[in-house]
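> The chain contents come next:
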Amino acid sequence: MSVIKRLPKQLFFLLIVKPVVYLLLGLNIYNKQRLPSQGPAILAANHNSHLDTLVLMALYPLGELHRVRPVAAADYFLRNRFTTWLSLNLIGIIPLDRQGQVDKEQVFEQCQQALADGQILLLFPEGSRGEAEELQPLRKGIYHLARSHAGTQVVPIAMHGLGRALPKGGSMIVPFNADVAIGEALSAEQECAPFMDQLQASLESLLAACITRRDARWED
Amino acid sequence: MDIGLPFMLDLTPNTLCAMLVVVAMLILASITQLLLRSRLSEDGYLELKQRINSWWVMVGVVFTALMIGPTASLIFFTILSFIALREFFSILPVRVTDRRLILALYLAVPLQYYWVGMGWYGMFIVFIPVYLFLLIPFGLLMLGETKGFIRAVGSYQWATMTTVFAISHVAYLLMLPAEENPAGGGVGLVIYLVFLTQFNDVAQYIWGKKFGNRKIVPAISPNKTWAGFLGGVATTTLFGALLAPWLTPLPWWLGLGAGLLIGLAGFIGDLTVSAVKRDLRIKDTSQLIPGHGGILDRIDSLMYTAPLFFHFLVYTTY
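One line per chain: the protein sequences are A and B, in this order.
Just so you know, the first sequence maps onto residues 4 to 223 in the working numbering.
Just so you know, the second sequence maps onto residues 10 to 327 in the working numbering.
FYI, nobody ran anything at the bench for these hints, they're computed from the structure.
Even for Gly, the Cβ is constructed at its ideal location relative to N, Cα and C.
Incorrect hints may have been included.
[As the list claims (entries may be wrong)] Covered stretches of chain B (in silico footprint by chain A; criterion: 3 or more residues with CB under 8 Å from a CB of chain A, positions within the stretch not fixed):
| hint | segment |
| --- | --- |
| 1 | 91-101 |
| 2 | 199-208 |
| 3 | 291-300 |
[Stated by the list, open to error] 30 Å max Cα-Cα, derived DSBU-like pairs, lysine-lysine:
| hint | chain 1 | residue 1 | chain 2 | residue 2 |
| --- | --- | --- | --- | --- |
| 4 | A | Lys171 | A | Lys35 |
| 5 | B | Lys292 | B | Lys224 |
| 6 | A | Lys35 | B | Lys292 |
| 7 | A | Lys107 | A | Lys143 |
| 8 | B | Lys156 | A | Lys171 |
| 9 | A | Lys21 | B | Lys156 |
| 10 | A | Lys35 | B | Lys58 |
[What the hints assert, rightly or not] Counterexamples of contact, computed for chain B against chain A with all Cβ distances above 12 Å:
| hint | residue |
| --- | --- |
| 11 | Lys58 |
| 12 | Ile88 |
| 13 | Val105 |
| 14 | Leu110 |
| 15 | Leu144 |
| 16 | Met151 |
| 17 | Val162 |
| 18 | Pro186 |
| 19 | Asn222 |
| 20 | Ile225 |
| 21 | Ala236 |
| 22 | Gly303 |
In isolation and in its complexed conformation, chain A is listed as follows (with noise of 0.2 Å):
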């Protein structure tokens, strides 16, 4: 991609998305090192709003955004003419069809030539928003998506606290710090039972390092 063509998606992300993330919201922010800035990589994180995907490109400098690419729910982001421009001009998406209309092969297909041009996807392997920030059963598909092109780091994310700045079914942003907790990268060179232990795992420790996790259990 040219230069000219980044500068829109540097700019959004340079005036509304980072303002937003870094000024409106707070972070916490884990083992920032630990981000990978190269792919081929896959981030796997848990998901508990919207604003989870521009989270974590905020987390990137500006000059290497056009190496992130989500996969994120086509029926949410490509729900208007206006969301669909947006989604794959200035976040750069992978729409990925959750009531798969769209062929299933067709996103894994754009998905490895993504990790084939040494980018990062940026996937939640829990496959939907879970409910009150709990997280949900982790499907399969990041796994063989990683063995599909030699030499893919997964890099474990735990997100906490955007499930009350933007929870399911919301429309406005209320200000919450949130945490991001990055964990050591996995590799997929394994079967894939011990790989699904080893990110849910992984996962499970991270949330338990978010200070905003900590009322988990309050409203029992």
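Following the hints, complete the assembly by docking chain B onto the known chain A.
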């Protein structure tokens, strides 16, 4: 003093001098840090470096705002209260149904500082303790969730009182009639309060490290000792008396009282936030300030010293 620049109009020579002394102390800290490099472990050195760098940034931001003028200072304190309130709400067990009320409470921050900026003392002093006190439960009532109602009312009111109402007293010092305090002006009062509060934290820490033995409140903070507490309060009281004639309208014997008040209140404020963190089982309230933790970790003492010093000053002088 008008030294011919478009800013710094509110700074008296004493105040400017006090600021330079603070900068000199920071330079001294940075030099000490470099000298200690070989004697500290890698991690210990990095932490010390982070802490001192953060002090530079904090002092830089506060001094810049104070030097530009009252409007810039009010904007600075508005942002400070906003970040502190957001931090408090972020660690509190907030119910998702309460988001609208939380949003409304954020709007109370600029309003409170607007009253300060207008110099409307009556509104400044009742807005949060009276009006919000009555409105918060009403707002929660309208949201219709009764489970956890009492806890929500109490914790939101407390968060707003500590981070907005208490901290706005620092800003109101700038609105007190400057002619009453020719030595230091409004900025001098702010520096006196904030410097002594932070100095008290450091003094208690150093006395505790050097001579600390018997723990004072082991259940809340294992690091607080009788020696740290008494030594710190005594040092702060002494400096309160020394600095009072220089920066405030208080004579030295009232400065003793102000110093004692700041020493005691700072200790209690520090412990209060420690108890909050114990309850929530967290170590820091956020990671905003490298080496220090969150904003609440830094201004915990100020939440207690600011209103007490303000009213002591108003009662004795204004």
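> All the hints need checking, so say for each whether the structure fits it.
Here's how the hints hold up against the structure:
Note: the segment 91-101 of chain B has 8 residues with beta-carbon separation from chain A under 8 Å; the three-residue rule is met and the coverage holds. Given as covered by chain A, the segment 199-208 of chain B fails the check, having 0 residues with a CB less than 8 Å from a CB of that chain where 3 are the minimum. With 6 residues having a beta carbon nearer than 8 Å to a beta carbon of chain A, the segment 291-300 of chain B meets the requirement of three or more and the stated coverage holds. Distance check on the hinted pair: Lys171 of chain A and Lys35 of chain A sit about 27 Å apart at the alpha-carbon level, within 30 Å; holds.
At roughly 19 Å between alpha-carbon atoms, Lys292 of chain B and Lys224 of chain B fall within 30 Å of each other, so this suggested pair holds. For the hint linking Lys35 of chain A to Lys292 of chain B, the alpha-carbon distance of about 19 Å falls within 30 Å, and the restraint holds. A threshold of 30 Å between alpha carbons decides the hint, and for Lys107 of chain A with Lys143 of chain A the separation of about 14 Å falls inside it, so the pair holds. Simply put, Lys156 of chain B and Lys171 of chain A have alpha-carbon atoms about 21 Å apart, close enough for the 30 Å limit, and the pair holds.
Among the hinted pairs, Lys21 of chain A with Lys156 of chain B is inconsistent with the structure: their alpha-carbon atoms are about 36 Å apart, more than 30 Å. For the hint linking Lys35 of chain A to Lys58 of chain B, the alpha-carbon distance of about 19 Å falls within 30 Å, and the restraint holds. Interface exclusion of Lys58 of chain B from chain A stands, the closest Cβ pair being 17 Å apart, more than 12 Å. Separation of Ile88 of chain B from chain A is inadequate, the least Cβ-Cβ distance of about 9 Å not exceeding the 12 Å criterion.
For Val105 of chain B, the requirement that its beta carbon stay farther than 12 Å from each beta carbon of chain A is not met, with the minimum near 6 Å. Residue placement check: Leu110 of chain B does not keep its beta carbon more than 12 Å from all beta carbons of chain A (closest about 10 Å). Distance check for Leu144 of chain B against chain A: the nearest CB is about 18 Å away, which clears 12 Å, and the non-interface claim stands. Interface exclusion of Met151 of chain B from chain A stands, the closest Cβ pair being 16 Å apart, more than 12 Å.
No Cβ of chain A comes within 12 Å of the Cβ of Val162 of chain B; the nearest lies about 15 Å off, and the non-interface call holds. The beta carbon of Pro186 of chain B sits about 35 Å from the closest Cβ of chain A, which is more than 12 Å, so the claim that it is off the interface holds. At the 12 Å boundary, the C-beta of Asn222 of chain B stays outside the reach of chain A, the nearest C-beta of that chain being 32 Å off. The claim that Ile225 of chain B lies off the interface holds: its Cβ sits roughly 26 Å from the closest Cβ of chain A, which is beyond the 12 Å cut-off.
At the 12 Å boundary, the C-beta of Ala236 of chain B stays outside the reach of chain A, the nearest C-beta of that chain being 32 Å off. With a least CB separation of 8 Å from chain A, Gly303 of chain B falls inside the 12 Å interface cut-off, contrary to its annotation.
Violated hints for the displayed structure, listed by number in ascending order: 2, 9, 12, 13, 14 and 22.
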